[in-house]
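S.K.: Listed below are the residues making up each chain.
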Amino acid sequence: MNRKILSLVRVMLRNSTGLGIKDGKRSTQIFLIVMLALTVPFMLIGIVALFSSLIGAFMQIGQAGLVLKLGIGINSAIIFIFGIFYVMSSFYFSSDVEYLLPLPLKPWEIVSAKLIVVIIYEFIVTGVLYLPLLFTYGIRLGMGPLYYVYGLIVFVLLPIVPLALASFLVMLIMRFTNLKRHKDFLKVLAGMLGLFVGLGINMLLQNVSTDLSPEALLEMLESGSNSLVNVIPDIFPAAGWASQALVYSSSLKGLLNLILFVGVTLGAYGLITAFGQVIYLKGAVGLSEAGSSRRNKAIGQVVEKSRSRSALLSYCLVEIRLLVRTPIYFLNCVVMNFLWPLFLLIPLLTSGDQAMAFDEITRVISNPENAGIVLAAAFAMAVFMGASNGISSSAMSREGENIYVKKYLPVSYIVQLNAKLLSAMLIGFAAILVLVLLCIILFKMPLFLGLLMLITSPLALLFVSLTGLMIDLVNPNFTWDNEQKAVKQNINVFFNVIIGMIMAPLVIVPTIIIKWTLASTLAILCIGFLVLDILMYSILATRGVKIFSSI
Amino acid sequence: MIELININKTYNGKVKAADNLTLTVPSGQIFGFLGPNGAGKTTAIKIITGILKADSGSVKVNGIDIGQKPLEVKKQIGFVPDTPNMFLRLKGIEYLGFMADMYEVAADQRKPRIEDLASRFGMADVLDDKILSYSHGMRQKIVLMGALIHEPSVWILDEPMTGLDPRSSFILKEMMREQVNEGKTVFFSTHVLDVAEKICDRVAIIDKGSILFTGTLAEMKEHFKKNESLENMFLELTESE
Ligand SMILES: Nc1ncnc2c1ncn2[C@@H]1O[C@H](COP(=O)(O)OP(=O)(O)O)[C@@H](O)[C@H]1O
Ligand SMILES: [Mg+2]
Numbered sequence: 067m068n069r070k071i072l073s074l075v076r077v078m079l080r081n082s083t084g085l086g087i088k089d090g091k092r093s094t095q096i097f098l099i100v101m102l103a104l105t106v107p108f109m110l111i112g113i114v115a116l117f118s119s120l121i122g123a124f125m126q127i128g129q130a131g132l133v134l135k136l137g138i139g140i141n142s143a144i145i146f147i148f149g150i151f152y153v154m155s156s157f158y159f160s161s162d163v164e165y166l167l168p169l170p171l172k173p174w175e176i177v178s179a180k181l182i183v184v185i186i187y188e189f190i191v192t193g194v195l196y197l198p199l200l201f202t203y204g205i206r207l208g209m210g211p212l213y214y215v216y217g218l219i220v221f222v223l224l225p226i227v228p229l230a231l232a233s234f235l236v237m238l239i240m241r242f243t244n245l246k247r248h249k250d251f252l253k254v255l256a257g258m259l260g261l262f263v264g265l266g267i268n269m270l271l272q273n274v275s276t277d278l279s280p281e282a283l284l285e286m287l288e289s290g291s292n293s294l295v296n297v298i299p300d301i302f303p304a305a306g307w308a309s310q311a312l313v314y315s316s317s318l319k320g321l322l323n324l325i326l327f328v329g330v331t332l333g334a335y336g337l338i339t340a341f342g343q344v345i346y347l348k349g350a351v352g353l354s355e356a357g358s359s360r361r362n363k364a365i366g367q368v369v370e371k372s373r374s375r376s377a378l379l380s381y382c383l384v385e386i387r388l389l390v391r392t393p394i395y396f397l398n399c400v401v402m403n404f405l406w407p408l409f410l411l412i413p414l415l416t417s418g419d420q421a422m423a424f425d426e427i428t429r430v431i432s433n434p435e436n437a438g439i440v441l442a443a444a445f446a447m448a449v450f451m452g453a454s455n456g457i458s459s460s461a462m463s464r465e466g467e468n469i470y471v472k473k474y475l476p477v478s479y480i481v482q483l484n485a486k487l488l489s490a491m492l493i494g495f496a497a498i499l500v501l502v503l504l505c506i507i508l509f510k511m512p513l514f515l516g517l518l519m520l521i522t523s524p525l526a527l528l529f530v531s532l533t534g535l536m537i538d539l540v541n542p543n544f545t546w547d548n549e550q551k552a553v554k555q556n557i558n559v560f561f562n563v564i565i566g567m568i569m570a571p572l573v574i575v576p577t578i579i580i581k582w583t584l585a586s587t588l589a590i591l592c593i594g595f596l597v598l599d600i601l602m603y604s605i606l607a608t609r610g611v612k613i614f615s616s617i
Numbered sequence: 005m006i007e008l009i010n011i012n013k014t015y016n017g018k019v020k021a022a023d024n025l026t027l028t029v030p031s032g033q034i035f036g037f038l039g040p041n042g043a044g045k046t047t048a049i050k051i052i053t054g055i056l057k058a059d060s061g062s063v064k065v066n067g068i069d070i071g072q073k074p075l076e077v078k079k080q081i082g083f084v085p086d087t088p089n090m091f092l093r094l095k096g097i098e099y100l101g102f103m104a105d106m107y108e109v110a111a112d113q114r115k116p117r118i119e120d121l122a123s124r125f126g127m128a129d130v131l132d133d134k135i136l137s138y139s140h141g142m143r144q145k146i147v148l149m150g151a152l153i154h155e156p157s158v159w160i161l162d163e164p165m166t167g168l169d170p171r172s173s174f175i176l177k178e179m180m181r182e183q184v185n186e187g188k189t190v191f192f193s194t195h196v197l198d199v200a201e202k203i204c205d206r207v208a209i210i211d212k213g214s215i216l217f218t219g220t221l222a223e224m225k226e227h228f229k230k231n232e233s234l235e236n237m238f239l240e241l242t243e244s245e
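Read top to bottom, the protein sequences are chains A and B. Using this note's numbering, read the first sequence as starting at 67 and increasing by one per residue. Using this note's numbering, read the second sequence as starting at 5 and increasing by one per residue.
Because the hints were derived from the structure by calculation, they are not lab data. Among the clues, some could well be false.
[Claimed, not checked] Below, computed lysine-lysine pairings styled on DSBU-like, alpha-carbon distance capped at 35 Å:
1. K371(A) - K177(B)
2. K473(A) - K64(B)
3. K212(B) - K472(A)
4. K70(A) - K18(B)
Isolated chain A (complex conformation) (with noise of 0.2 Å):
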């Protein structure tokens, strides 16, 4: 390979803080490992149980090479629809672009050097599908060492052809449509397409896992032949190469496939960068201009507008107005913030029987017995959603390399710090709002009970907010060229979520198993939050606003 090529990938590389564990302190260095260390063996142990009992399912009816064709198909397809996000992001979005067009190289070395990198970036998805999956198969089919092999060769390769057909697309819409000018809206139609795809990926997941009796797995097969295998859509026809190389593996039909997915995904390399060379440069130009009006308001009237606020109400509203224009921003907290009330739904309007499931549920809501647990419940849920919607868990770190400019205003860095806090609480109450309603509307929730979770509420909110913005405080990461990196790869954001994770059922199970009255039940949370919270502030307001001033 051309040595601009890898000279280009390493920069890029390099530019790319990646999780934000290169640049802290050691300590933080030292903690971030220790709770990754902590946490992903978590998760790797339930998707490798997941994948052994699928195995173990089509095993007995001799067809587990086909968990293989499906797992791969699969992370094909999750590889291609964040690979439509990643691409346009990293070809046409991130602010390298307009650094690496003045310089002398040829559009397919720019492609190329970007492609390396999202593969790069895909392996982390291969690494938890893929790999997990190549393993318990070839344990559990005692597969001799030359399956190892391919499978190695596989992993390298199988983000090629899903990122050579998503660069294709991106590369096609950002040349020949006028969207490229809409940038901002571009990027959130992307990332809602990414989620909803995702939401119906696990769905389907959820439905495939559902029945695996044998019986049942065999009915689907004899139901016509091979009938399963046509169900899962066999858009990447790689894949199935790739799976078949893995299953024979030891003899020559293995060897075969092996080659056949070899050269295809050389081939679609070959192919896209040739297309790069033709089609990149007369997309990417000119994607700096932004639309503005020049509508000749009269200024009077533009600066009538303008009113005078607090610093602090005025700091946090800029907070919310960037947060909301801010397409990644927009998406990775305010979106997702919205989208928990509708993931709880989501199970209810898919479930069979719709009727029934509502009924039971508005029975269990509206039963003044059940109070206590409804209103831990919702404070649960206030707990979880606030920490998940990473706002103040980026709080800090959203500002990038411009957060010299919070240093000079003259405003002290606890009313900055309140700001932050008051925003991110802001939007969690409004999905709380949200929630509430929907309960009231559809579950025929008592109206005094909605009005007491949104009266306690904020006492949750209040307390993920503060863990979130510590974290973010302890561990910020200013330099980055992609607002992606502030919030969706900032693993500041993660340990929030973790922490939302174990308060959220510390928070329900007693309840439920005490079965503690409304009463009792409203005391302890708000006695226990209030003290929490204090406490929480309280380090706050000293150990953060130091961290702040001497950031």
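For this one, chain A is given, so just place chain B with the ligands on it according to the hints.
M.R.: Chain B with the ligands alone, transformed into the frame defined by chain A:
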């Protein structure tokens, strides 16, 4: 007035960006801070504005110590940083409103000030657009407007002339002159000798973190041979280690 007293700052334990800096910027005179790239101008300015903490030494603005009363000091200053790419997704008017709120500009003052600044800099037509759609020079102007909206008594500008068109830099020069005529302070950095020569009453020359010369332009000229061009003087000053 700005006073720097024995300021030291070392980055990563290696680069000494401020080496026992002592400097007094009097009010009533346009003060230029002259030095080549990497001399330590931005570092010194960051220390005065509270963005960076010095390793040792103290900074006073109008007699107030920034270490003791940081907010008091920050309120006195109007600061224009060297890169104007901030708050890009806010509209110009929203940014100005934000700055007015941060610096507690009275409600009845902000409208006339915004209108005045906008008409001076020719920005009236674009205030309702997002800063993202502004050119580099326009972004610089909106930041400048944001810095002046509270009528600060001390102006600190980091390389303000780079990127401004001749008309805008002329206006800025005029405004600096008005400011010092009212007995206020103007302190700006530049690496362009020409700029310093045309605007300043007084200069300090900095290289490798330490001050090589402070005085009026006349003194600077006198200090070195009169006929020699400023370019030569500048070279001599920076190489006289
Ligand atoms: N954040 C930083 N980290 C490390 N070194 C820095 C940093 N900022 C500036 N420096 C170094 O300090 C010196 C002075 O830089 P600066 O104050 O920006 O100079 P100037 O503004 O005069 O061009 C330079 O050698 C520069 O490399
Ligand atoms: Mg500088």
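S.K.: Now tell me, hint by hint, if it's right for this structure.
M.R.: How the hints compare with the structure:
1. With a CA separation close to 31 Å, the supplied pair K371(A) and K177(B) stays within the 35 Å bound.
2. With a C-alpha separation of about 17 Å, the suggested pair K473(A) and K64(B) falls inside the 35 Å cut-off, and the hint holds.
3. For a cut-off of 35 Å, the pair hint linking K212(B) to K472(A) stands: about 28 Å separates their Cα positions.
4. For a cut-off of 35 Å, the pair hint linking K70(A) to K18(B) stands: about 32 Å separates their Cα positions.
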